[in-house]
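Peer 1: What follows is the residue order along each chain.
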Amino acid sequence: MNAISASATGNMGETRRAPFALIVAGILLAVVLGLTGEPSKSAKFAISPVDSNINLGSISLPVGVVGLICGALTVALGAYALTLLPRRMPPWILRTAFGLIAVAFLVWAAAGNSLNLSSLAEASVVGALPLLLGALAGVLCERSGVINIAIEGQFLFGAFAASVAASALGLWVGLVAGSVAGGLIGAILAYLAVRYAADQVIVGFVLNLLALGLTSFLFTQVIVPNQEAFGSPPTFSPIDIPVLSELPIVGPALFDQNVILYIAIAILVATQLMLSRSRWGLRTRAVGESPEAAQSAGIDVLRLRTRNVIAGGLIAGLAGVFLTIGSVGAFTPNISSGKGFIALAVLIFGRWSPGGSLLAALLFGFAEAVESALSVVGSPIPPELLQMFPYLVTLVVVAGLVGRARPPAADGKPFIP
Amino acid sequence: MMKLELRGITKRFGSVVANDGIDLLVEAGEVHCLLGENGAGKSTLMNLLYGMLSPDSGEILIDDRPVHLDSPASAMAAGIGMVHQHFTLVPPLTVAENIVLGDEHGGRLGWLDRARAKREVADLVERFGLEVPAASTIESLPVGIRQRVEILKALRRDARLLILDEPTAVLTPHEADRLFDVVRQLRADGRSIVFISHRLAEVRAISDRITVIRHGRVVGEADPVTTEVELASMMVGRTVDLAVEKPPLIEQAGTALDLEGVSLLGEGGEPRLADVNLTLRTGEILGVAGVQGNGQAELVDILLGAEHPTSGTIRLGGEEMQGCSRREMLAAEVGYVPEDRHAEGLIDGFSIAENLILDQYRAKRFSSAGRLRFDEIEGNADELMSKFDIRAPSRDTNCDTLSGGNAQKVVLARELSRELRLLVAVEPTRGLDIGSSAFVYKQIVDARSRGTAVVLVSSDLDEIFSLADRIVVLYRGRVTGTATPSTDRDQVGLMMAGAAA
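These protein sequence lines map, in sequence, to chains A and B. For what it's worth, this note's numbering labels the leading residue of the first sequence as 3, then goes sequentially. For what it's worth, this note's numbering labels the leading residue of the second sequence as 1020, then goes sequentially.
In short, the hints are calculated from the structure, not lab data. Being a predicted model, the structure only gives us computed values, none of them experimental. For each residue, glycine too, the CB sits at the ideal point set by N, CA and C. There's no promise every hint is true.
[What the hints assert, rightly or not] Negatives, chain B to chain A, calculated, CB over 12 Å:
{"#": "1", "residue": "R1084"}
{"#": "2", "residue": "P1085"}
{"#": "3", "residue": "P1091"}
{"#": "4", "residue": "S1093"}
{"#": "5", "residue": "P1111"}
{"#": "6", "residue": "E1123"}
{"#": "7", "residue": "A1136"}
{"#": "8", "residue": "E1145"}
{"#": "9", "residue": "F1147"}
{"#": "10", "residue": "S1159"}
{"#": "11", "residue": "P1192"}
{"#": "12", "residue": "Q1204"}
{"#": "13", "residue": "L1297"}
{"#": "14", "residue": "N1417"}
{"#": "15", "residue": "N1425"}
{"#": "16", "residue": "F1458"}
[Said to hold, decoys possible] Here are the simulated distance ranges between beta carbons:
{"#": "17", "chain 1": "B", "residue 1": "H1087", "chain 2": "A", "residue 2": "R197", "range": "23 to 33 Å"}
{"#": "18", "chain 1": "A", "residue 1": "I267", "chain 2": "B", "residue 2": "G1129", "range": "42 to 52 Å"}
{"#": "19", "chain 1": "B", "residue 1": "T1298", "chain 2": "A", "residue 2": "Y82", "range": "42 to 52 Å"}
{"#": "20", "chain 1": "B", "residue 1": "T1298", "chain 2": "A", "residue 2": "W94", "range": "27 to 37 Å"}
Next comes chain B alone, as it looks inside the complex:
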C-alpha cells in the first residue's frame, strides 16, 4: 500500500514553465487519472516522479515521508514503476531478459541464472494472469503483449504505484479493454495506479478520481461521473464544440484516386501491404483507421511516390502513377501533411518564409535562372502568414521556435496554397491543442469543399469519425473493412483488431 503526495511541484525549461506548483494526492489502492491535453505537462510531471528529471521546487512524499528521486533506480527503489508511452524494451532481447534487465540474479562471477529468470517470469505470469511468452524476443511480439511485458517488469521490481503514460495510444480497443481489466486487478491487489490520458471516454471508464491539468497547473478535480463535455471544457478552459461542420459531398464527382490490388513486400519478402483496393472521389475525405504500424506508413509512402508498390496500380485522375518519384507526385498535385512535422514537414533551422516554399522553390514565381527571388518569397510568406493565422515574430523566424499549432499551420499553408488533387494528412492534430485542432479540421474541410480528395490517416477514432466521409480499416497491411461515420464504433474497433467486416 502506498500513498503518494506531490506538493507545489514546479519545473521550468528555460522560460517555459512545464509544471507550476502542482499538488496531487494519490491514495493507496486507487486509480487516479491525470487528464490534460498534449503539452499540458503530464509527462513532465511523471518524469519528475520517475526520477528522470528533478523539480526546481516542491516536494514528493511517499506515505507522508519526503523522498528524493534523482534517477529511475531510486524511483524503483521507492516502489514507483512506470510504463512509458514509448516502450523501454530492448527489441532483440527476450521477454525474460527484458524483465530481469538491470536487476538480474547473477551467480558467482556475474553469470546469469537463466533458469531462475525463467522461473521468476513464470511466477509473475501466474500471479498477475498476464500471459507472455518468456523465450520470445520482444521484436516478434505485438504491442499489446509488449505493454504487458513492461507492466510485468515494473511489478517484478515490486512497484506499489504504477504510472501508465498514455497506455491505450498504441492498443486496439479490444487490447485496451484487457488492459483495463489488468488495471482493475492491480487495484484490487492494493496497488495505486496513475493513469495518464487525454481520451475522455476511457478516463471516465477506469478512474476513481480525476485530476485535470492545463498549461502546467492543476485546474480541477473531478470524479468519473462528470460528463465528457464538462471534462473537455476543464481540460481546455472553455466550452468546446467537438463537432465539425461539413457541407454535403459534391454530387457526381469524378474519381480522384484509385488503388487497385496494391501490394508491397518488405525486405524479407513479408507483405507490408496486401491487395489494397481504394477509390476516392473528388471532394471526399477517406479516413484510414487502424492501430499504428498496420500498413498506414506504407500506404502513405506509396501515395507519395516514396515507395513503389510491388504490384498493383495507382491512378490519379485516371493516370497511372505507380512508378512515379516523389517529385513527380508533387507535380501531380499531391499534398502531404506528415505525422512528424519537425522531421518531415519542416526544416527546423530554416525560416518560415523558406519553409513555405520548400516544395515550390523551382516554380518560376520563386526562382529564375537558379537565383531565388526573395521579394516573391517574402510576399508569399506575408500573405500566407495572415491567411493561415501563423503567429510568429516575423517571417524570418526559425521554425524550431514555433509552437506545435503554428508549426502545423506553416505546413498546411504550404501544402494548401497550391492546387491539390489529393491531400494526404497523417495524424494532422497530434500534439495540438483543441483550438489549433479545430483550425486544422476547418482547413481540411475547406480543401474538401474545393474538390480536393483527402486521405486522412489517424489513430484517433474521434478524429476519423468527425472528419471522414468514408472509413477504411487497415490491419496487417490489409483493408479489413469499410465503414461510414454512422457505423457503430465497436464494429470499427473489431476491424482494427483484424476481424473481417
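In isolation and in its complexed conformation, chain A is listed as follows:
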C-alpha cells in the first residue's frame, strides 16, 4: 500500500492539472488587473434597460478591487479542488471560475467607460441563440452516434430558404421552409452516412461546401435579379411581454424577443427531459454508446439514427431561420460565417448535453456581446484580441485541459447491422 501512496503523486498530472490551472489563472488575474495597468479606474454599468421607465441607476466597479477579488476567489476555487483530489474537479467549479474570470475581464475592458448590462445580456442571448440551436442539433445526432459536421451547411440552407419563402409566401411559411431545408441536408447526411456507412466527417464537410456554393449561386441567380420580390423579406417582430420586459438585466434579453427564442427554449427543455426520461432518449443513448447492444435488444439502429439526424437538421435549419427572418431579414452569401462550426465547439464544451450546451452557448454569446459593445465605446483592447476569447476557451476545453469531455462511445462510427 505504501508503494502506491508514495508513487501516487507522480501519475496524477491529469487530475491535478485543472486545479493548478485555476490557481495560476487566479494569480494572473489578481496581478495583471489588480496591481498593474490602471487599477484605480472604474467601469460603470447601467442596470435598467435603455428604454425602461424605471431607472435603477448604475454601479461603478473599480478595476483593481474587482481584479483582486475575482483573482482571489479563483485561487480559492483551485485550492478547494486540490483538497478533493484524487477526485476529478466537479464541473461547477470550472463554471464558477469562468464566470469570475469573465466578470473581471469585462470590468477591466470597460474601464473608464459605461456599459448597459441589460443591453449586454440581450446581445448575449441573441448571439447565443443560433449557437444553442446548432448545438442541440448536434446533441440529437451525436448522442445517437452520428457526427454532424454539416450544421454550418444546414444554417446556410435554412437561412436562404427562410428568406426566399418568407418574401414570397409570408413569415410562417419562411420559418417552416428554413427548418425543412436544414432537415433536407440532414436527410442527405443520414442517407449517405447512416444507410451507406460513408465517412460521416467527409460527407458533412462536402455538404457544407455544397450548401455554401449552392446558396451563393442561387443568391446571384434568384435574389439579386429579383430584389423586390426576394430581397427584403419581412422579419419576426419581438414579442414585448409587459412588465417582465422592464426587469433589469434579464428583461429585454428574455421577454422582448421574437418567437424563435421561445421555440428554442421549448426544444431545449424538451430534449433535456426526453433524453433522460423518454423511451426515445433511452434508445438514443443506447444506440450512441453501443449500437450492437441496442440492435440485439431489438432496436432498429439505422432507423433511429436516420430520424435523429433529420430531426437535428430541422433544428439547425431553425437557426438559419433566425439568421435571416429572425433578425436582419435578407440573405447574404455566407451569412452564417462559421457559426455552425462554433456550434460544434459549444456542443463539446457543453459535453453533449442540452443543458451544458445552453451554458456554453451563453458564454460564447456573452464574449461576442462584450466584444461588440466594447468596439462601440472604444476599449483599450484591440477588438481582434477580444474576438479570440471564445476560440481560446474552445481550445482549452477541447484539449481536455480542464476536465475530460467524453463523447458517446460510438460517436462517428458507422454501424453496419
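Given the coordinates of chain A, work out where chain B should sit on it, guided by the hints.
Peer 2: For chain B alone, kept in the frame of chain A given last:
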C-alpha cells in the same frame, strides 16, 4: 416449454461453409451442450438461431412448427433469448435501463415508466434469485454480475430457450459454479438451455445431452458420462495427446527478468497494477493466470515498454528497463506474441514476407541506406515458411487470407527467429485448432530450451498448467498467489477470485 429442432441448416460465407446440413434437436427442459473447437461453426449456428444471420437452406422448427427468424426481435418474439460471449449491454446505462431497453413500458408521449421498470427488475430478481443492483451502471459492475443482467434481460422477454455462448470464458471458477446453479434452476423451471463451450470438464458437468460439431458438421452425439478423452477426439477427429513434453529446467540459470514493486496508476489515479514482484530465470515459463481484465494487459504493456510503471523497477538481465520505449525493449531482445494477432501481430494488408520483417526492417540484413533489400527479405520468408510450416500459396500472400493457425505461425516465426531473452505470449492458442495449438506449444517449449524466459498470459487454466513451470495469479492488479503445475486447481481458482494464497 419449448422444443427446438433444426433441420439441414446450411450457411456459407463466400466459399467457406460455416454450417453444413446441421440437424439438432433440443427437447423442452434440457441443457443441451454444443461442443466444438473455435471455428467449428457453433457461433454461426447460434447467430442463425437468434436471427442475426439467415440460413442458405434448412429450416428451424419451434414446437414442430417452422419459424422464420430474420432479426433478433423475431427470435425474441419466438421465445429465444441469447447471452452473447461479448455482452450486449450499454456500459453507461443502469442495470434497469439495460434490462428494459428495446421493450420499455412507456406512458403517454413515450415517457419512461421508471418506477415500473424498477419494480419489474425487483420481481425478476426475486423470481430467479439472481441478485443485481438495479440502479448501478453496467460499467461499475464485475463481469459475473453483468452476465446475470444479460440473463435477466432474456428472461424478462420470456425466453423459453436460452442460448449461452461460451458463458464461462470471462468468469472465475467460483462465478462459473454460480452460473451452473442458475442454469440448473432455469431447467427446473422448464426452460431449455443451449450451452456452447469447448471446455470439456464443464460440458460434462452441466449438460443433459451433448452434440459435437466439427468443421461445420454434426459429428456425433454424446451423453455426459462420456470421458473427456473421447469427447476431445470427437471434437478434433483424432486421438489427441493433451500433454506437453518439457525437458527439465536449466540448472543454475541466471535471473532473466525481475520486477520489483511495479505499480501502475490509471488515469483517475486508480491502481491498475499494485506492487507486482516477479522473478523469472532464463529458460523458465511463468504462467500468468487470472480472469481477463485483472491487470494482465497492463503487465504486458509494461514488459513491452508500451506503458511505463508509475513506480518500481524492471530489470532485464540485470539492466534497469522501466523507462524504455517499445523499440528499446525490442532491441533488448524481448519478443511478443499478442492476444489479437490480426490487430497487433500482423498488418493484414501486407504480405507474409513483409510481416516477417516488421520489427527487423531496420536491421542491416534487410535494409541499407533506407532501401529495402528484397532478395534478403524474400530469402528470409522462404526459410521461415518452411521452418515454421506456414502453409500459404506464396510468400506474397496477404496475411488477411491466412487461417488462424497459419497467421499465428507467421507471428511466431518472426518473433522466434531472432535471439530472445524474454518472450511475452498472450493467449497464444486462442482460436486455434488443437493441431496448431500443439505446434505453438512446441515452439514455446523449444524457446524455453534455448534459454528464453517466457511470460505466458492465458485465461485458459489448462494451457497454463500444461506449459508453465511456475504460476502467478493476478487479481485486480495484484499478485494474489503463486503456484506450480502440481498445485490443486481449485486453489488457483480461489486465487483468481481474489482469495489470498
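Peer 1: Take the hints in turn and mark each one as holding or not.
Peer 2: Verification of the supplied hints:
1. At roughly 22 Å from the closest C-beta of chain A, the C-beta of R1084 (chain B) stays outside 12 Å, upholding its exclusion from the interface.
2. Against the 12 Å criterion, P1085 (chain B) stays outside the reach of chain A, whose nearest CB is about 22 Å from its own CB.
3. The Cβ of P1091 (chain B) does not lie farther than 12 Å from every Cβ of chain A; its closest approach is about 5 Å, which violates its non-interface assignment.
4. Interface exclusion of S1093 (chain B) from chain A breaks down, the closest Cβ pair being 9 Å apart, not more than 12 Å.
5. Interface exclusion of P1111 (chain B) from chain A breaks down, the closest Cβ pair being 6 Å apart, not more than 12 Å.
6. Non-interface call for E1123 (chain B) relative to chain A: violated, since the shortest CB-CB distance, roughly 5 Å, does not exceed 12 Å.
7. For A1136 (chain B), the shortest C-beta to C-beta distance to chain A comes to about 10 Å, within the 12 Å cut-off, and the non-interface label is violated.
8. With a cut of 12 Å on Cβ distances, E1145 (chain B) stays outside the contact zone with chain A, its closest approach being about 23 Å.
9. The Cβ of F1147 (chain B) lies farther than 12 Å from every Cβ of chain A, with a closest approach of about 19 Å, so its non-interface assignment holds.
10. The Cβ of S1159 (chain B) sits about 15 Å from the closest Cβ of chain A, beyond the 12 Å cut-off, so the non-interface label holds.
11. Interface exclusion of P1192 (chain B) from chain A stands, the closest Cβ pair being 27 Å apart, more than 12 Å.
12. Every CB of chain A lies more than 12 Å from the CB of Q1204 (chain B), the least distance being 24 Å, so the non-interface label holds.
13. Interface exclusion of L1297 (chain B) from chain A stands, the closest Cβ pair being 15 Å apart, more than 12 Å.
14. Interface exclusion of N1417 (chain B) from chain A stands, the closest Cβ pair being 22 Å apart, more than 12 Å.
15. The Cβ of N1425 (chain B) lies farther than 12 Å from every Cβ of chain A, with a closest approach of about 27 Å, so its non-interface assignment holds.
16. Consistency note on F1458 (chain B): stated as away from chain A, and its beta-carbon is indeed over 12 Å from all of that chain's, at 34 Å minimum.
17. Evaluation of the 23 to 33 Å hint for H1087 (chain B) and R197 (chain A) yields a pass: the beta carbon distance comes to about 24 Å.
18. Separated by about 21 Å at the C-beta atoms, I267 (chain A) and G1129 (chain B) break the suggested range of 42 to 52 Å.
19. For the pair T1298 (chain B) and Y82 (chain A), the supplied restraint of 42 to 52 Å holds, since their beta-carbon distance comes to about 45 Å.
20. A hinted range of 27 to 37 Å for the beta carbons of T1298 (chain B) and W94 (chain A) is inconsistent with their spacing of about 49 Å.
Checked against the numbered hints above, the structure breaks hints 3, 4, 5, 6, 7, 18, 20 and satisfies the rest.
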